[in-house]
Amino acid sequence: MKLDPRTKLFLALAANGMIFTAPLVYSLLMVVVASILLLLEGKWKFVCTFFFVYLTAGFFFDQVKNLDIGTSGTIILASLFLMYRIMPACAVLYYVITTTKVNEFLACMSRMHISNKVTIPLIVMIRFFPTVYDESRAIGNAMRMRGIRLFSLRTLKNPVAFLEYRLVPLLVSVTKIGDELSIAAVTRGLSTDTKRTCVAKIGFRWVDFVVIAYCLIVVCAFFNVIPGL
Amino acid sequence: MNISLKNISFSYSDSLDDAILKNLNLEIRSGECVVLAGESGCGKTTISKLINGLIPHYHSGTMDGDVLLGDKNTADMTLAEISRTVGSVFQNPRSQFFNIDTDCELAFGCENLGMDPEEIKQRVANVVQEFHLEHLLGRSIFNLSGGEKQKIACASVSATGPEIFVLDEPSANLDLKTIADLKEIVARWKKAGKTVIVVEHRLYYLRDIADRICYVKDGQIAHEWTPAELEAKGAAYASSLGLRCMNLGMLNGREGVILSEACDVIVSHTCSERQRGRLAKQSIMFDNLTFSYHHKHPILDIDRLELPCGQITALIGHNGAGKSTLAQVLCGLQGSWHQKRAARKHGTYLIMQDVNHQLFTESVLDEVLLGMKPQDENLALEILEGLNLKQYAENHPMALSGGQKQRVAIGSGISSGCDVVVFDEPTSGLDYRQMLAVSATLKKLAASGKTLLVITHDPEFILNSCQSVIRMEHGKIVEQYSLSGHENQLIKTMVEC
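Chains as they are written, first to last, in the numbering used here: chain H, 1 to 229; chain V, 1 to 497.
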């Protein structure tokens, strides 16, 4: 089940727009469509984990919210609330990011007549996340070997130093990789003034219209455009 | 297409006073394969950047002179135009991919040039066949080995059909087997009449392909040889210029390791009770080194690993044989809590291939003090002195050179009280002199009573510094032997693969 990247963008926008303001039921409606799409991609593991964590957080939030529990309780409550509210949007974003290839995205942006000046930095950013994750894991390993852990007396005494140990090497290596990535891109002809072609075929099909219509109905219902819904 | 560099001077700063290239002239004929060799920092990479247009279009600096591709001056072309004639492959396979999957990556260059989608598909199909990449299609870039990545990089550059190929240390992160594949690729380009320029420390794999080896020194082409001429001058001549060997088969002619070599000791009195006890025992045992992801077939399956104490042991094997996993399990970074506890008990420490990952603090001294219990500044300074780093004690570790950073990491390992130090490819991408420097540090470390295990693909380094060799295949140890008297066996296994 392949969706056009533009449909995915619309889906992501709709889901994100409803995080904080709408009653929960609307973002739940978005989760439903994202879950179906993820299941169709065979990502049942992610969907199961998601629903488990989401429902647990929701359950505890419901249990705790009316109790008088003091400061620490409020912190827990707030984080539960954040999880509960942000997770639907995260699920949708996860779907969009894991199923969109870089070249499809580039093609879709050029179809929408968005300038390369906007697209290329966006692409670099998307390409960057997994790299940062990779680097960060290696640094975490090095820290463990030196006995610097998040849950330790030393970190408790000086949490800023912990952050510094983690971030300084990360920044250094990420800057270097970013530079090398852009060199690789420019030497292979990626530039702002040539018109790119794309082997990926993108285009709207009936599924796209179904998903877009669904999103539109949810959004309309949210703004009370359709009476009675 | 002919390339000519005329009276080139270049400096990365504002004035030509500290120029890295000084009035350099180089003519490369169409269809020629030229190797640019020389010690690190001699300017050979700068020459490659002049040819692929990164200078003056990407790196800023002061430049004098002209670079002509055919009859066009690169200064008058845009990078996109240059990329139609010059294809570039770089050293670090991790950072030269723009896409996340292999299929898109192969088409990427062609798409950027605005080719017709049908033609792109045809071209991609051609390179896939030519480079035998069928098994790599549709894979995520993050799951490929270094060698596989480098192959994809070469193929995707090849797909755009440039006349000139510029390769900047393409073999630095590869094992000997994938270097053989790289050799085949370069040979294919040359056969197709392409001009190939390779910046490289490792020379042996280009022996049969290169037409010329240009030796760069002090910003100029100091010597030019054919591979046969350089080989005839002998290994001693090459190493005096800081060059790696031309012929792996001839390595054995060099003097091997002198086992009883009198070596300085880094810090003598840090020798712990545990360490002394071990030196008497002569070897350290690690048991049950197994590891697998998600209960699938084991990546690592070793019942017992025995490391001779106070010696340097080389760990060899193909990419993907499980060497890095072994290092991680030995150092307690992967595996069950039993294995992690064993790692703590044995006191193992890993010096990573990218040492930038393991330097955290603001000064070299802090770096050494960080893992020390209790913190003792005098001892830390003594360790730094042993590693020739005392004058840098107050410097920021990230401001040091690669070799110095590596020594700081070693220092932090010593101070955290480790007895077994595991190195992950400490000599990849180093010239002969730098390799000798690393070798000297490692020997010093061994002489101070530490036990060293070094993952490496560098036969010259092994012959220079190691006393025994372990070879791994498919997660198992297939051989372990002492090096003295078995040098031929080592060279044979390394050349064959």
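Rather than coming from a laboratory, the hints here were simulated on the basis of the structure. Predicted model only: the values in this text are computed from it and were never measured. Among the hints, erroneous ones may be present.
Each computed PhoX-like pair below joins lysine-lysine, with the alpha-carbon atoms no more than 20 Å apart [unchecked claim]:
no.: 1; chain 1: V; residue 1: Lys22; chain 2: H; residue 2: Lys176
no.: 2; chain 1: V; residue 1: Lys22; chain 2: H; residue 2: Lys195
no.: 3; chain 1: V; residue 1: Lys373; chain 2: H; residue 2: Lys201
no.: 4; chain 1: V; residue 1: Lys6; chain 2: V; residue 2: Lys22
no.: 5; chain 1: V; residue 1: Lys72; chain 2: V; residue 2: Lys6
So, going through the hints one by one against the coordinates:
1. A hinted pair counts as satisfied when its Cα atoms are at most 20 Å apart, and lysine 22 of chain V with lysine 176 of chain H does not qualify at roughly 27 Å.
2. Distance restraint check for lysine 22 of chain V and lysine 195 of chain H: the Cα-Cα separation of roughly 39 Å exceeds the 20 Å cut-off, and the hinted pair is therefore not satisfied.
3. Taken as a hint, the lysine 373 of chain V and lysine 201 of chain H pair is broken in the structure, with Cα atoms around 61 Å apart against an allowance of 20 Å.
4. Among the hinted pairs, lysine 6 of chain V with lysine 22 of chain V is consistent with the structure: their alpha-carbon atoms are about 11 Å apart, no more than 20 Å.
5. The suggested pairing of lysine 72 of chain V with lysine 6 of chain V holds, with an alpha-carbon distance near 13 Å, which does not exceed 20 Å.
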